[in-house]
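Colleague: This is what each chain is made of:
Number of protein chains: 6
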Amino acid sequence: MSNTLKIGLPKGSLQDATIKLFAKSGWKINLHHRNYFPDVNDEELTISMCRAQEMAKYVEDGVLDVGMTGKDWILENNSDVVEVSSLVYSKVSNRPARWVLAVSGDSPYEKPEDLAGKKIATELLGVTKRYFEEKGIDVEVFYSWGATEAKVVEGLCDAIVEVTETGTTIKAHGLKIIDDVMLTNTRLIANKDSWNDSWKRKKIENINLLLQGALKAEKMVGLKMNMPKDVLEKAMKVMPSLNSPTVSDLSDPKWVSVEIMIEEVAVRELIPELIDMGAEGIIEYPLNKVI
Amino acid sequence: MSNTLKIGLPKGSLQDATIKLFAKSGWKINLHHRNYFPDVNDEELTISMCRAQEMAKYVEDGVLDVGMTGKDWILENNSDVVEVSSLVYSKVSNRPARWVLAVSGDSPYEKPEDLAGKKIATELLGVTKRYFEEKGIDVEVFYSWGATEAKVVEGLCDAIVEVTETGTTIKAHGLKIIDDVMLTNTRLIANKDSWNDSWKRKKIENINLLLQGALKAEKMVGLKMNMPKDVLEKAMKVMPSLNSPTVSDLSDPKWVSVEIMIEEVAVRELIPELIDMGAEGIIEYPLNKVI
Amino acid sequence: MSNTLKIGLPKGSLQDATIKLFAKSGWKINLHHRNYFPDVNDEELTISMCRAQEMAKYVEDGVLDVGMTGKDWILENNSDVVEVSSLVYSKVSNRPARWVLAVSGDSPYEKPEDLAGKKIATELLGVTKRYFEEKGIDVEVFYSWGATEAKVVEGLCDAIVEVTETGTTIKAHGLKIIDDVMLTNTRLIANKDSWNDSWKRKKIENINLLLQGALKAEKMVGLKMNMPKDVLEKAMKVMPSLNSPTVSDLSDPKWVSVEIMIEEVAVRELIPELIDMGAEGIIEYPLNKVI
Amino acid sequence: MSNTLKIGLPKGSLQDATIKLFAKSGWKINLHHRNYFPDVNDEELTISMCRAQEMAKYVEDGVLDVGMTGKDWILENNSDVVEVSSLVYSKVSNRPARWVLAVSGDSPYEKPEDLAGKKIATELLGVTKRYFEEKGIDVEVFYSWGATEAKVVEGLCDAIVEVTETGTTIKAHGLKIIDDVMLTNTRLIANKDSWNDSWKRKKIENINLLLQGALKAEKMVGLKMNMPKDVLEKAMKVMPSLNSPTVSDLSDPKWVSVEIMIEEVAVRELIPELIDMGAEGIIEYPLNKVI
Amino acid sequence: MSNTLKIGLPKGSLQDATIKLFAKSGWKINLHHRNYFPDVNDEELTISMCRAQEMAKYVEDGVLDVGMTGKDWILENNSDVVEVSSLVYSKVSNRPARWVLAVSGDSPYEKPEDLAGKKIATELLGVTKRYFEEKGIDVEVFYSWGATEAKVVEGLCDAIVEVTETGTTIKAHGLKIIDDVMLTNTRLIANKDSWNDSWKRKKIENINLLLQGALKAEKMVGLKMNMPKDVLEKAMKVMPSLNSPTVSDLSDPKWVSVEIMIEEVAVRELIPELIDMGAEGIIEYPLNKVI
Amino acid sequence: MSNTLKIGLPKGSLQDATIKLFAKSGWKINLHHRNYFPDVNDEELTISMCRAQEMAKYVEDGVLDVGMTGKDWILENNSDVVEVSSLVYSKVSNRPARWVLAVSGDSPYEKPEDLAGKKIATELLGVTKRYFEEKGIDVEVFYSWGATEAKVVEGLCDAIVEVTETGTTIKAHGLKIIDDVMLTNTRLIANKDSWNDSWKRKKIENINLLLQGALKAEKMVGLKMNMPKDVLEKAMKVMPSLNSPTVSDLSDPKWVSVEIMIEEVAVRELIPELIDMGAEGIIEYPLNKVI
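Chains as they are written, first to last, in the numbering used here: chain B, 1 to 291; chain C, 1 to 291; chain H, 1 to 291; chain X, 1 to 291; chain R, 1 to 291; chain P, 1 to 291.
Just so you know, these hints were derived from the structure itself, not from any lab. None of these values were measured; they are calculated from a predicted model. One should not assume that every hint holds.
[What the hints assert, rightly or not] Straight-line Cα separation of at most 16 Å, EDC-like style, residue types lysine to aspartate or glutamate; simulated pairs:
1. R:K28 / P:E218
2. H:K192 / H:E205
3. H:K118 / R:D61
4. B:K171 / P:E60
5. P:K119 / P:D158
6. C:K229 / C:D276
7. H:K24 / C:E269
8. H:K171 / X:D39
9. P:K119 / X:E259
10. H:K6 / H:D193
11. B:K202 / R:D42
12. R:K171 / B:D39
13. R:K202 / P:E280
14. H:K71 / H:E83
15. R:K216 / P:E280
16. P:K28 / B:D61
17. C:K192 / C:E165
18. C:K28 / X:E218
19. H:K216 / H:E263
20. B:K6 / B:D61
21. P:K24 / B:D39
22. H:K234 / H:D193
23. X:K216 / H:E280
24. R:K28 / R:D39
25. C:K24 / X:E263
26. B:K216 / R:E280
27. X:K28 / H:E280
28. C:K237 / C:D252
29. P:K6 / P:E43
30. X:K219 / X:E263
31. H:K202 / C:E273
32. C:K6 / C:D61
33. R:K118 / R:D61
34. X:K237 / X:E259
35. R:K28 / R:E43
36. P:K24 / B:D61
37. H:K202 / H:E83
38. P:K219 / R:D42
39. P:K111 / P:D138
40. R:K135 / R:D179
Just chain B, same shape as in the assembly:
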């Protein structure tokens, strides 16, 4: 009997990053022009490209077994699904995105309460309504079909609730942020029945394991170098290796070869230190997966 797992991947701004992440994890996906079912080199998988907004509904209904979508849209849809894991990656930075409450930069509004009786435009209707209800602020919230920032500038509403990673687009429209409504990032979610099916659950867990391994590898590198044996102990203290370093003897008995896995961002600080200690022949190489 051949089992199949139906997986939904997000269309749009995260699409390319997702296809790349799966490729690094071991699944090569080809999006054919005019073909709605992308090819993948795994006969146990069927892939659907869906809008992030609709994903949670399809997973909850069982149309899909598993899907990737944002925390924001899971809450917006009130979907009853299993959150398997968080996946921190994005199209711009590696920061989680946030939905913010923003108003015109030259408006008198300084806090949510100042907006009582005003009009709020947003694509995240349900979450926004709940946000104001919980605060006991009476506002009119209406659905915005895109270009939400511009609506404040054009005088079509008084405030917006919009998603941003860095705040750049918000500022570029001359708006100011007066509150955070919610933080969000990508989640791997599963249908409840699929999660209770042992074959499907094992498959989902393996996919998650390899996705996490690929994400981790994006931030790490391998580092190899030769160093005098007598500085090894001192060097060990400054090297934040994932595992214990691999130390090998060299033909010259006074020297050893050392190999470590470390965060790439630490390398630019570490190399000058290692050179000061006498390390030589330092090479850094890239990693595909770190598990």
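Given the coordinates of chain B, work out where chains C, H, X, R and P should sit on it, guided by the hints.
Modeller: What follows is chains C, H, X, R and P alone, placed relative to chain B:
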């Protein structure tokens, strides 16, 4: 005191056609990159570019005095506005668009009733729900964030309600249309208070007059020719002129010059007939406005 | 009974110019993405977009009743079709294109005879072979799949036979032209049986009449002006009007209004002359068709 | 003997508008890819595409007989040339462009004097230096290789002198304008010797005549209508025609046909008035040239 | 004396993949705009970019020593060349492409024999003719200048022979495949004389060795991990390493470090197994060449 | 107290290569649309994107602490800055660029002296003037706003001084090079005061160390293989390793594993030799940094 009329024009697929129509009508609009208020050569007008979906709400609320949007979105929003006129133009053909109920080409569904208990995806949520309620058919209707045709192909829903001018995209996805849900075309709508303001109403009526004149001119041309005086009467019978033809004498007393305004599509039939009658020196010239 | 005429229009470099020419002639053609049969506002026509190279074959076989293609490809295919008319228009200039024999600018070849025993690359295989046979020059002619000019530069052949309007691309590759192989321009061709069918022949003739009228109008304009009555006779001599000018009286009995149809290129010479004679209020307007 | 006039046209932002203007004036120019001498349908002309900044130098030196460039670059180069005429057209609006002195929107600078001792970046080095010298303000002016607005934002200078038509880009960078340095628009300039050559001067004057005629026609239209004879006098008073209207009799002796040439922008006001007076069958048609 | 090898690489759809493959193999090729001879960092090579269809002819004639092209075009040209090796890579998948016989999805044709007397369009004229001759089926085969699938849809032919990797484009046109005409993939081919020249043969063999090494490396990765010494034997059985694994001691005598080279696609199955066995600190790294 | 280093990176043709080089070196830079200060994952850095032409001025003035620009623009600006290092990388090749003196291919000019009294166009005004002054040749040098090669073709000047890496663009315009004016490549330059500040100098030196390490790694690879122990000594002689090779024992005592770091370009020669010696399981892997 200087009066101002706030007018909303539709962003997106109709945007270029609308800017062009206004230019022909006498208003040159410049959409500046990064500037939300387009320039227009009329100090009495302020222009906002809005999504067609949101236009009726803004007009109803009085944020805008007047706007152009589809009949479909006026109904979807249940907006209480004045419908000033219909404007028949489009991005592809000159046919009005229609929202159709479509299912997979190889599905067994033949009529709306066959969809009882099924899932329907659409961007026109309210109208679609009312359509099924009026027929007494119980279905689940859910909102689709675009690429609606693909959802049937991918098995994410059983049927869709989607807009089409020619049916081409529907067919290209292998779908079949089983009912018309509504016909729609562009309307000029006004806020009720604005319509009751005499200055604003006059301004709106003038804009409408010139828009209609420019639309009419797109389908008409001027035709001038010389013909023997003795065939004039016979020729008059086959020439479907807007006004009575202008007939002028020529130096040769046996000939006259005739000028008419006719539908461009009639010209290709008319010219061979006129030549058979002896007409000569036929020229056709374009028109900007016909009022 | 409803008759239909199947017409083939050329894909590729002439496509846009052809669609525009038909629009001016009275037929609006819409090329839908993913739809092989373009829409046209005439129920008696069916349109196919074909490669110019293949058109004559389809017309000869009766798959199409009528088509537009180059004289070159009619000869290359040795097609037995009716040549209804020539249509002088192009994507760059209004000169007919020519197939030329070209060699490297620094090669010793000066005339076709110098190429005896050499390799000639061309897309126009049959015509080229006949050209050399008629001259009694023994060469190897082989088919070139595009980018033919580059083949001389890269040393893949000794000479090419390639089409050009202005010679610019030939020169830009450092080649020199040593002979003209043939002149070519667009022809309207008809299937022999279709031409003998009276309904189809009438339809083809009407289409041709209007295409020619639209082509003629591209080079002509209408010119209107006021002039003193006493210079009219003198002015008449310098005005190369298509028909005799239309002269109308004005309220000032010393002046008349004169209207002529002339070649646009003549206007820039004529206007200074007319001004010298005392003409005033000269306006020029565009024409759609001149028949 | 064949005379030739060498004319320089501006590359870059005005290029397309210029080619179009010449086409309307009667000269069809083809810019061939890889060919530095554009084709033109006039054997007496040779065309060079030049940067506006360099044009005046080439005309002054006699490398070109005549050229189109901005007043700004004529002054910047201190060129000794004949200014034949002004040509009011642009890529965005029809307003003349202006070079403005701009500073950061949140800086304390309010007037040129506040910039004493500061750094000014500009592409218009000479004019800017003279501007400050004439005011007796001591500043450091340095040349900016493009993206000048951004330099204030990035803190690379204190103020800029930059060209703008509508101020939109200046504002979009958060800058404020504190003075106008100069107004500029396009000029037709001639070399002094060429201007003294009678054949060349005549040719230049003819080109100028037709360019001006085409520019004027862009803003005007022809208007024809039928009206009751008894309102004609009243209607005449509101019709701002270029020439006196052409009035023709119609078969119905109570009606006349009236034709006028008027500014397009006036049409939208005039038509409602004429309809109120009883005019009918109003048509508007486009013009190519008005001289 | 300096020897040179002339190599032809395919233009068009495989061009980018080929340039990348050579870069991985050690040859950096720069395609300069307007330069027909690409730069390469090897003075012993001269590179020509050719159409795949023409490559075999040039290699057979000795214009090129060696070239890359498809098996299909070698057969179509009946070229007498040395096939050095197969290179399995493509622009979409890694499957070999195939030329298929396809007909309209709603046609009655089910097998090649049903097409007797019909018209077949193809770009692969010779191979297609031979295919039908060998089967003893009498058909008219004619050359198609591209867009071959559309010809069935438009009724211009009854069947086509066209190349496809995944069948997607065939299906998207509503066609069905009724036979395979031939499988094809890329070959490295050599001129017979070049192959008999010892210097050239050695050079060709080295290029082939490194191309194959780079292709193999695309599918493989390096995997390193730490594992308890006592599971090593068991782990060895599930690890499909290219070579025998490299096992190194760690400071903790109960653990070893293991490094293997395996197919990337096997990793996603292997890692969960290894983790179950107790492996830790698993990292995967990319490879450039595997020989 | 938190220190900050202001660094200027070149906009334009080197921008992408520079961003990539910094990423490899450990600094991830995000250029946000509409944001002039790119994000970087180092709180001690502030980044400005500047034109290469203006960089040296900003570094000299202390507006920036450190910047990357070409030797050419440092000389052109006569800037008094510290040249920290050379960085050999480019957008096309890895050769340093050179400014050359070029004339029309069919002109009589053969050497700089032949240009006495002639006009020279260039973007590098100062350096060019000094070049001719030092040779004692009297010429008119004027500033060229881009498209300099075309100016010779169009007859606007007699010679140009223009930058080129490979000479391709020069030749494509039909020009010939008659002298080298200067060689140039990218330099890391520092402000004198910044260089004397110990914190800034240390920071600059670290950045330089890692940039150099990333550049070096672009040309090197890691190579691992197994070989019979008895050929090790012979193999050592042909392997140009950066460091001494790392040799490890394998379970088969007759074989060893050898790992070296070598120039990638040497690999294609070395691998066939190693295979001849009996090496097996050769793999090559990429490097990020080599220090």
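Colleague: Next step is simple, just say for each hint if it's right about the structure.
Modeller: Do the hints match the structure? See the list:
About 12 Å separates the Cα atoms of R:K28 and P:E218, which keeps this hinted pair within 16 Å; it holds. Between H:K192 and H:E205, the direct Cα distance comes to roughly 14 Å. Compliance with the 16 Å bound is thereby established for this hinted pair. A distance of roughly 13 Å separates the Cα atoms of H:K118 and R:D61; the hinted pair therefore holds under the 16 Å criterion. Using a Cα cut-off of 16 Å, the hinted pair B:K171 and P:E60 is violated, with the two alpha carbons roughly 32 Å apart.
In summary, the hint linking P:K119 to P:D158 is supported, as the alpha carbons are separated by about 5 Å, within the 16 Å threshold. As the CA atoms of C:K229 and C:D276 are separated by approximately 15 Å, the hinted pair is consistent with the 16 Å bound. Of the pairs offered as hints, the one joining H:K24 and C:E269 holds, with about 14 Å between alpha carbons and a cut-off of 16 Å not exceeded. For a cut-off of 16 Å, the pair hint linking H:K171 to X:D39 stands: about 15 Å separates their Cα positions.
A hinted pair counts as satisfied when its Cα atoms are at most 16 Å apart, and P:K119 with X:E259 does not qualify at roughly 57 Å. At most 16 Å may separate the alpha-carbon atoms for a hinted pair to count; H:K6 and H:D193 meet this at roughly 13 Å. Only pairs whose Cα atoms come within 16 Å are accepted, and B:K202 paired with R:D42 is rejected, the gap being roughly 51 Å. At most 16 Å may separate the alpha-carbon atoms for a hinted pair to count; R:K171 and B:D39 meet this at roughly 15 Å.
For the proposed pair R:K202 and P:E280, the alpha carbon gap of about 20 Å is over 16 Å, so the pair is violated. Between H:K71 and H:E83 the alpha-carbon distance is near 9 Å, which keeps this suggested pair within the 16 Å criterion. Taken as a hint, the R:K216 and P:E280 pair is honoured in the structure, with Cα atoms around 15 Å apart against an allowance of 16 Å. About 41 Å separates the Cα atoms of P:K28 and B:D61, which puts this hinted pair outside 16 Å; it is violated.
Proximity of C:K192 to C:E165 is assessed by CA-CA distance (about 31 Å); at most 16 Å being required, the pair is judged violated. Restraint check for C:K28 and X:E218: the C-alpha separation of about 12 Å stays at or below 16 Å, so the hint holds. Taken as a hint, the H:K216 and H:E263 pair is honoured in the structure, with Cα atoms around 9 Å apart against an allowance of 16 Å. Distance hint between B:K6 and B:D61 is fulfilled; the C-alpha atoms sit about 12 Å from each other, no more than 16 Å.
Only pairs whose Cα atoms come within 16 Å are accepted, and P:K24 paired with B:D39 is rejected, the gap being roughly 32 Å. Distance restraint check for H:K234 and H:D193: the Cα-Cα separation of roughly 54 Å exceeds the 16 Å cut-off, and the hinted pair is therefore not satisfied. Taken as a hint, the X:K216 and H:E280 pair is honoured in the structure, with Cα atoms around 15 Å apart against an allowance of 16 Å. Only pairs whose Cα atoms come within 16 Å are accepted, and R:K28 paired with R:D39 is accepted, the gap being roughly 8 Å.
Taken as a hint, the C:K24 and X:E263 pair is honoured in the structure, with Cα atoms around 13 Å apart against an allowance of 16 Å. The hinted pair formed by B:K216 and R:E280 meets the criterion: a straight-line CA distance of about 15 Å does not exceed 16 Å. The hinted pair formed by X:K28 and H:E280 fails the criterion: a straight-line CA distance of about 26 Å is larger than 16 Å. For the hint linking C:K237 to C:D252, the alpha-carbon distance of about 24 Å lies beyond 16 Å, and the restraint is violated.
For the suggested pair P:K6 and P:E43, the alpha carbons sit about 11 Å apart, so the restraint of at most 16 Å is met. For the given pair, X:K219 sits about 6 Å from X:E263 by alpha-carbon distance, which is consistent with the 16 Å threshold. Distance restraint check for H:K202 and C:E273: the Cα-Cα separation of roughly 12 Å lies within the 16 Å cut-off, and the hinted pair is therefore satisfied. Between C:K6 and C:D61, the direct Cα distance comes to roughly 12 Å. Compliance with the 16 Å bound is thereby established for this hinted pair.
The straight-line distance between the Cα atoms of R:K118 and R:D61 is roughly 36 Å, outside the 16 Å bound, and the hint therefore fails. Taking the CA atoms of X:K237 and X:E259, the gap is about 14 Å. The hint holds against a cut of 16 Å. Proximity of R:K28 to R:E43 is assessed by CA-CA distance (about 12 Å); at most 16 Å being required, the pair is judged to hold. Only pairs whose Cα atoms come within 16 Å are accepted, and P:K24 paired with B:D61 is rejected, the gap being roughly 45 Å.
A threshold of 16 Å between alpha carbons decides the hint, and for H:K202 with H:E83 the separation of about 15 Å falls inside it, so the pair holds. Restraint check: the Cα-Cα separation between P:K219 and R:D42 comes to about 15 Å, which is no more than 16 Å; the hinted pair holds. Taking the CA atoms of P:K111 and P:D138, the gap is near 14 Å; set against the 16 Å cutoff, the hint holds. The straight-line distance between the Cα atoms of R:K135 and R:D179 is roughly 12 Å, inside the 16 Å bound, and the hint therefore holds.
Comparing the model with each numbered hint stated earlier shows that hints 4, 9, 11, 13, 16, 17, 21, 22, 27, 28, 33, 36 do not hold.
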